[in-house]
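Chains as they are written, first to last, in this note's numbering: chain A, 1 to 116; chain B, 1 to 354.
Please note that the accuracy of each hint is not assured.
To be verified - Using 20 angstroms as the maximum straight-line C-alpha spacing, the simulated DMTMM-like pairs for lysine to aspartate or glutamate come out as follows:
1) B:K79 x A:D40
2) B:K79 x A:E74
3) B:K79 x A:E98
4) B:K79 x A:E12
5) B:K153 x B:E71
6) B:K79 x A:D87
Said to hold, decoys possible - So, partial list: chain B residues that the calculated Cβ filter (under 10 angstroms) puts toward chain A:
7) L87
8) A105
9) H113
10) Y117
11) F276
No lab work stands behind these hints: they were computed from the structure. The C-beta atom is built at its ideal place from N, Cα and C for all residues, glycine as well.
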Amino acid sequence: MALRIEWRRRAEGDETILAVETGSNAVVKTWPANTDLLADFLNDMVGLDPTAPNADSEGKATNGVDHTQHPPQEWGDVVMSRSEAGDVLWVDPALYWEGIAYWFRSQGRDPHPARR
Amino acid sequence: MVMINTARGDRSLRSFIDTEHGTLSRELYVHPDIFQQELEQIFARCWLFLGHESLVPNPGDFMITRMGTEEVLLVRDRKDHQIRAFLNSCRHRGEKVCRYDQGNALVFTCPFHAWTYDSAGRLVGANGINNPNSYNGELDREQWGLVEVAQFKNYYGTLWATWDRKAPSFEDYLGPFAESVRYLCEATDGEDAGLEVFTPFQKWRVPTNWKIPAFTSATDLEHAAMTHRSVNAAAIGPMRGKGDEGSRHGRRNRLPSVSYSVGDHNLGHGGNWTVFQAPGLADYQDTWYEPGMRRNRRNTRTGSGRRTGRVEAISASFLTSSWTIGAGASGIRTRWASSSAGASSASTRRPRST
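Using the sequences and the hints, build the whole thing.
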């Protein structure tokens, strides 16, 4: 089952990371966006495990919430899409840099801390 | 015959050199036509030194370097971890896609129309690209990745590239000097990490022609006593340890060594290198004249000396010359150094035997 991982946005701050099955285009996992999760998404994605239980924004399991009933576009516009292997498949540059400003630079954080 | 247009009429390039009297014209260093020819015949065709792999150790790490007058984006791919080199120029309107000297990034976005490239140089997005009318609906992202160098070589950690697809392989290009480069790249200061560049390094834009440091100064050792007199007086220049006067550094005894001049005139390059025939670090001479300072100096220099050994290797003359062949204009060249030891002489150290 090939997956892609997407960062989508309904409005500034109302953003979600999705795991989407490529063939069926079905959402199989969601993570409410926060700075740490987005930093992971923008780096090696090791913390984004599609097989783990769903969780709310505080990391608590959200049993019974079946996000698979929703097509990915219901989570808003695609900011960035990556393959499971890490390839950047698509980016909307305007949304991407607005997101970088909102989640990172406005908080004095660097989305790519590898050299820090 | 190559002709150069001058105020005194067209002249052949050979007329600038008087082999009978051993003189040459200053026009060789300043004439824009000559510089243009050098860009086309040397910098666009030769293998050029880009840097060292330790400058981009992590996936997504990047740095800006130069090939002639061109800025080149050196980046380690996030997926396959390979280092690649691209012309730092957007395929759309030619703006720089990376405006920082170095860092770590997932994508590079041109500030003009937001064409965005990943760390493998692929075009992954652009403003308005979802509009079916943009780019006449014909933008094939697969065809518009960043321009990659024609050939790239990671040679024992040192990174080289050429724009010429027909250029010989790196090893064939270097000829007999390849072994010298390998030996230098495998140099060690007795530690296991191998050759590396200490960061942050310093970079200067120096108002001089690239041939001055690359050839004229590198082959003219007599200039050091005057040109570097101030740093020699402070005992931090290239003449330190060469004589007793002015030296405030504890000096090491010399390890047994053999120096070579290696090159092939038909290939047009070569250099000098020294093979140290004993492993490790030499003992210090007792030269310090202030009581108590000698022992302190010896202790502190032992640590810094181990580090300096590496820096000497990366900033050896042929590598330094290669760095400086980043000609920015006929009268500008860029010079990098990885520490205050950037002016040290060519030296390699035989790896410690195990």
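| said: Which constraints among the numbered hints does this structure fail? Numbers only, ascending. | reply: 2, 3, 4, 7 and 11
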